[in-house]
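Chain E is already provided as a structure; the job is to place chains U, C and A on it using the hints.
4 protein chains.
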Amino acid sequence: MKDKIVLAYSGGLDTSVAVHWLIEKGYDVVACCLDVGEGKDLDVVHQKALDMGAVECHIIDATEEFTEDYVSYAIKGNLQYENTYPLVSALSRPLISKKLVEIAEKTNAIGIAHGCTGKGNDQVRFEVAIKALNPNLKAFAPVREWGWSREEEIEYAKKHDIPLPIEQDSPYSIDQNLWGRANECGILEDPYAAPPEDAFDLTNAPEDAPDEAEEIVIHFEEGLPVSLNDKKMSLTEMILHLNKVAGKHGVGRIDHVENRLVGIKSREVYETPAAEVIQTAHRALETITLTKDVAHFKPVIEKQFSEQIYNGLWFSPLSDSLKLFIDSTQTYVTGDVRVKLYKGNVTVNGRQSPYTLYNEKLATYTKDDAFNQEAAVGFIDIFGLPTQVNSMLHGGYSNE
Amino acid sequence: MKDKIVLAYSGGLDTSVAVHWLIEKGYDVVACCLDVGEGKDLDVVHQKALDMGAVECHIIDATEEFTEDYVSYAIKGNLQYENTYPLVSALSRPLISKKLVEIAEKTNAIGIAHGCTGKGNDQVRFEVAIKALNPNLKAFAPVREWGWSREEEIEYAKKHDIPLPIEQDSPYSIDQNLWGRANECGILEDPYAAPPEDAFDLTNAPEDAPDEAEEIVIHFEEGLPVSLNDKKMSLTEMILHLNKVAGKHGVGRIDHVENRLVGIKSREVYETPAAEVIQTAHRALETITLTKDVAHFKPVIEKQFSEQIYNGLWFSPLSDSLKLFIDSTQTYVTGDVRVKLYKGNVTVNGRQSPYTLYNEKLATYTKDDAFNQEAAVGFIDIFGLPTQVNSMLHGGYSNE
Amino acid sequence: MKDKIVLAYSGGLDTSVAVHWLIEKGYDVVACCLDVGEGKDLDVVHQKALDMGAVECHIIDATEEFTEDYVSYAIKGNLQYENTYPLVSALSRPLISKKLVEIAEKTNAIGIAHGCTGKGNDQVRFEVAIKALNPNLKAFAPVREWGWSREEEIEYAKKHDIPLPIEQDSPYSIDQNLWGRANECGILEDPYAAPPEDAFDLTNAPEDAPDEAEEIVIHFEEGLPVSLNDKKMSLTEMILHLNKVAGKHGVGRIDHVENRLVGIKSREVYETPAAEVIQTAHRALETITLTKDVAHFKPVIEKQFSEQIYNGLWFSPLSDSLKLFIDSTQTYVTGDVRVKLYKGNVTVNGRQSPYTLYNEKLATYTKDDAFNQEAAVGFIDIFGLPTQVNSMLHGGYSNE
Amino acid sequence: MKDKIVLAYSGGLDTSVAVHWLIEKGYDVVACCLDVGEGKDLDVVHQKALDMGAVECHIIDATEEFTEDYVSYAIKGNLQYENTYPLVSALSRPLISKKLVEIAEKTNAIGIAHGCTGKGNDQVRFEVAIKALNPNLKAFAPVREWGWSREEEIEYAKKHDIPLPIEQDSPYSIDQNLWGRANECGILEDPYAAPPEDAFDLTNAPEDAPDEAEEIVIHFEEGLPVSLNDKKMSLTEMILHLNKVAGKHGVGRIDHVENRLVGIKSREVYETPAAEVIQTAHRALETITLTKDVAHFKPVIEKQFSEQIYNGLWFSPLSDSLKLFIDSTQTYVTGDVRVKLYKGNVTVNGRQSPYTLYNEKLATYTKDDAFNQEAAVGFIDIFGLPTQVNSMLHGGYSNE
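Same order as they appear, the protein sequences are chains E, U, C and A. Count the first sequence with numbering that gives the first Met the number 0 and you get residues 0 to 399, in order. Count the second sequence with numbering that gives the first Met the number 0 and you get residues 0 to 399, in order. Count the third sequence with numbering that gives the first Met the number 0 and you get residues 0 to 399, in order. Count the fourth sequence with numbering that gives the first Met the number 0 and you get residues 0 to 399, in order.
Only chain E is shown next, with the shape it has when bound in the complex (with noise of 0.2 Å):
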């Protein structure tokens, strides 16, 4: 009985000729197939898997589960890889694995495969993911192993019947979930070139968006956007949706040079409309819901929490301790934010919340004040003291 190993599969080149050469190898190959929102045709992909000599073929529709138990933190935790890019692929990488190594468990695999090269972040996502989860199962990468040129890689697909991509000539490299698509390669490669329209999928151009802007009223609970302009959605049907609204409004394009783990810099492009919206009015309820030193602490925890999914690192010890502490300030992050979508903007007109902190009685400058303004006077003393020490001590800065 030969040994099995299940392999994520997509369908597309690499994958396709990765159940081959696997099987050369004198491994019986498990195909698993995920969707996590990006809309592929599953039927199409199943069989496709067979038709490549799989053993089996497992489709798995994982968005819910990734919505709910990994996305959901990149909302309340304004997750953002270097204060840019909300973590699209990296955020689904520890999920597949997950799905992959129940596969693995439930087939008795030897091991999981994974399409990605050796350059990237997702072998090390993939590969450290299935360590934390079962260090028992071992890690295979086939495209990195085998180390081919795209042309000898096309070659050895011919030789071996493995039907080629129509659209072979693509010269983007794709990666797409719910929560905004993934863009690289080709002209992108050169960071002084715009992206050409093209490389867009999501998202209008704010030139061709609509003419008329458009206000939403999102609605959260604890953290999470529940229901838009009074309508109740899940979370999945909320992205889902603005996806599309903002994406119509030309909202949610991202260009950013980014320092991979790997050690390289690479220009990625990215859409994101509904991550955009909802991190924007995320971050705008907070201002009235968080108190001040909640509010100037959590962002670095954000920050650790960002690089430690970008790293690969969603199971570990430390994340488990970062997503508590996220949690645990979401409480009071509920009301309504009205948000303006408009060629390419997304501007906040305005924020409420029962459970605002802002305290119109204490900011007014009407004869409603409710503010001590001679504790000021106290307030500076004090606050001013050390300086105050510094400056009698050294003879003051003017005298420099």
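Think of the hints as simulated: they come from the structure by calculation, not from any bench. Among the clues, some could well be false.
Put simply, identical chains are the same to the list, so a pair is met inside one copy or across any two.
[Said to hold, decoys possible] When the alpha-carbon atoms are kept at most 35 Å apart in a straight line, the in silico DSBU-like pairs for lysine-lysine are as follows:
#1 Lys98 to Lys297
#2 Lys158 to Lys366
#3 Lys98 to Lys230
#4 Lys297 to Lys24
#5 Lys3 to Lys24
#6 Lys339 to Lys247
#7 Lys3 to Lys366
#8 Lys158 to Lys360
#9 Lys1 to Lys157
#10 Lys360 to Lys24
#11 Lys360 to Lys230
#12 Lys339 to Lys243
#13 Lys231 to Lys105
#14 Lys360 to Lys297
#15 Lys1 to Lys366
Just chains U, C and A now, kept in the frame of chain E:
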């Protein structure tokens, strides 16, 4: 001979009343009016100060010093309080204080008076800066001290023939300089109400901005912009120019509920067209010219320095050290950034530098690839080792 | 009927005078005396409060609650303000405030009075904690309010038949609880003078400690010590016991010039024998049970929480979140630590845990080595890649 | 003509075998032996290198450079990895690399070989430093490459007449320089076993230290110690002297399980008598000469720099910036520290400075008090305002 007090004189009602009030208290008032790029008619202000009874009135144009010594750090340090506010007023306060202290030292004044109320940040910034510059000078805060309602103040003004401003019913409280414009009060005190158009002055609404996008190329040397579309400009010219161009395109509106130093949340509307363009371009240039470890640690410095400045601690040993750190990171932040302005959007279309650390040969997926993909195997082995050890001990996350 | 005020009553001169002073101001005084492990004679204090004129006197032993809910975090979080001070008084203030508020709520008092002066941290801690617990209660600070010199206070006491303390000329100001003892004032105000022996009470001088070292084994469960030399103890018993044992061996003296919340530096002498032993042992156990990323990030949390507590912000949303983070890291901090006590030294001689992440097979240089040394080549290649790219660009440091 | 390789030659078995092994591989070996204060007999080493077959042997005494340019930062920056390890070996690696690169450039060598194994930090430090210094030089790691067991290595040595060390059965692996001594392996690999006395060389056991305490006064200028008991010393002399004096008193033993860069935990025993005395004294002096905000932020810099150095990134733009920050904080760290050494204890008995920010008039509770206690009322009002607003909204913690 009477004791002299230097008064930061704006020409507005508060400081005009303050001249009279200080004279009544028995002081000679030395008015001092500073221009930090807000474009006031200083001759008018000068005359008005003398009319009010000031014994002297000093007019100081500190715009160049403001851009060179203060705004330059907001650029090099990407400074934004709470990741949002580019420190418009907060940046000018230390410079204004410095000039006031210089006048006070020259005129042998016993102290300095400012026109701030008792509930804002600026009173703290002025008074702490004065302590830092010359601890022998006393601070006076007439507006905070008299504690009048608007009506009482107007009554006092009428009684003492102090001219009332023509548009005394402007609902807003505004502070402006070269780096931007801050607006609060009135309808803005309701954080769920969208700011009305009359709250803005430097920017078009995106809807009213030109239908044609405009691309500009900004060239930076060591972290600061030095030319625009190949035309050399001083930093002051650059900012003035970009305020107009970007403002025209609807760029630079900020609507934020922020945590003041004095313990309250307040809703602020800022307009910072040039700041938004320059900071966006600067960050983009840093993505290709800073090493990863600098790129990941500098934000810690930036956050700390932003808070120092916001809290009035520009003149302090910590700020001095933070400035050195920031300066030292900018040596190679030289190059061009292509920026597109369009109806509220600032889009970076490209970035290049003679010192780029982006290496196409390492990043590419073409046959020119110079990256050693086999190294990834060893990297993952060691990078994932703590995960593996933890997982072996506790049985793995899939086991929970 | 008179308004009631709850007074934190210690039995000392300040609070005895305060009883009288508050009665003179027209209030009924409800005295409240708390024991947090300092070992005061509470019957005497109770009677004295009534003798002074208090309408009621509540005696509360809060020692268990102190160790369980407060000191436990100082252990799990290795809490030390400025990396030095294990938060002796700062930790007790929130609990004392909580008990005072409970009494105030039960007795329908309008507010709470404490005996702190106007220049220490404790006034802030009490008043902010009271705001946090019940914002409707007013805070009173008689000692700060009357502003008397020592002589004036004694005169007032004599005039009103308030008994003076027998040793009224003790030069020190002392606060003590189960977790340690704080001492300031007198000769200690000269930071170049060594603290004289009479400044210490809980510890022998190392010179006077036994000539024989003593090794103890402390067993921790989930971050807290539960047995000593195989003898189970409650946390309270453990601390009381270790204060004696370690104090005997001269362990736990701290001499620190610290930055107070109110802007001044003050020289403090602490004695914390049990704290030093337990924190040292706890840290040692964490070195083998925490993953590297937790071990490197937890100190950020610890520093923040130490500052929160020092600054009187125990009751706050941020502290709640920090507590959750810390708790979540302690699940596997279980095991034994061998600690040697000898003339002022606490030496960890060994640490072991069923959950140890230290792996002798990976660490060893013997033939049992399980570490894959070849992986290092790939690791260094990728880990060093940003350095290499930077060096190739700029010519290398040897070139400068 | 053969390619040349510069070999970091210690005179020990590993590098002696490496000479032979590299010659067998067809290279000319340029031996290079550095002294960074460990006190080796360099003449013997020099001769031995030539005997082994090296074409040249360079002997370099880099002790002064080590203390001036490297150790000085460990002092000014209070550098300790994981708050424990004063970076003994980690600090010397960049300097040794620098000297090796200089020799390689002078002799036109193609690369540099070191004697490290494949599981430690030092291989990474050397190879990354070499990349940073001169990216054209190749790194060679014979010991890692040959991958022999101890027995195989000895067999090879015997076969090729390479003299075996007399005490070939020393169970420990030791690295030493002026700043301390690191010891690992053997019985130390059991982290529950106390290190035996033969693991130590620089320090007496506290039990064997003199019964009389010794007080010394160290004078610092701008963060560095310059005289001891009024006797001027160079930094090198100071450290050599204190290693003896403090070592005699049993000071400077560290027993730590640390997280290596390469993903494993290892148990290390360090002896750093001078380091412990100087760092303790330096910290004490900083408590009175740094402002509170510097004192609270500098540790963030220190932690980052310690990790950079530990990870072999001394030569990097981030380290350059961190050094500038640290230097800039030391301008006023000038003064005297009284330190008592006694049986393993380093006790600070006093600290004074012409630039002390400790102000007895502000700190005192006597009638000389210059602190404005009334200011506290306003301070607490404003400092406590966020707490109060939060508490009013949510009903207060006593209500939960």
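A quick look at each hint next to the structure:
no.	hint	verdict
1	Lys98 to Lys297	both (31 Å within a copy, 30 Å between copies)
2	Lys158 to Lys366	between (84 Å within a copy, 21 Å between copies)
3	Lys98 to Lys230	within (32 Å within a copy, 47 Å between copies)
4	Lys297 to Lys24	neither (49 Å within a copy, 45 Å between copies)
5	Lys3 to Lys24	within (11 Å within a copy, 43 Å between copies)
6	Lys339 to Lys247	both (13 Å within a copy, 20 Å between copies)
7	Lys3 to Lys366	between (77 Å within a copy, 33 Å between copies)
8	Lys158 to Lys360	between (77 Å within a copy, 30 Å between copies)
9	Lys1 to Lys157	within (26 Å within a copy, 48 Å between copies)
10	Lys360 to Lys24	between (74 Å within a copy, 32 Å between copies)
11	Lys360 to Lys230	within (33 Å within a copy, 50 Å between copies)
12	Lys339 to Lys243	both (15 Å within a copy, 24 Å between copies)
13	Lys231 to Lys105	neither (37 Å within a copy, 44 Å between copies)
14	Lys360 to Lys297	within (27 Å within a copy, 38 Å between copies)
15	Lys1 to Lys366	between (83 Å within a copy, 33 Å between copies)
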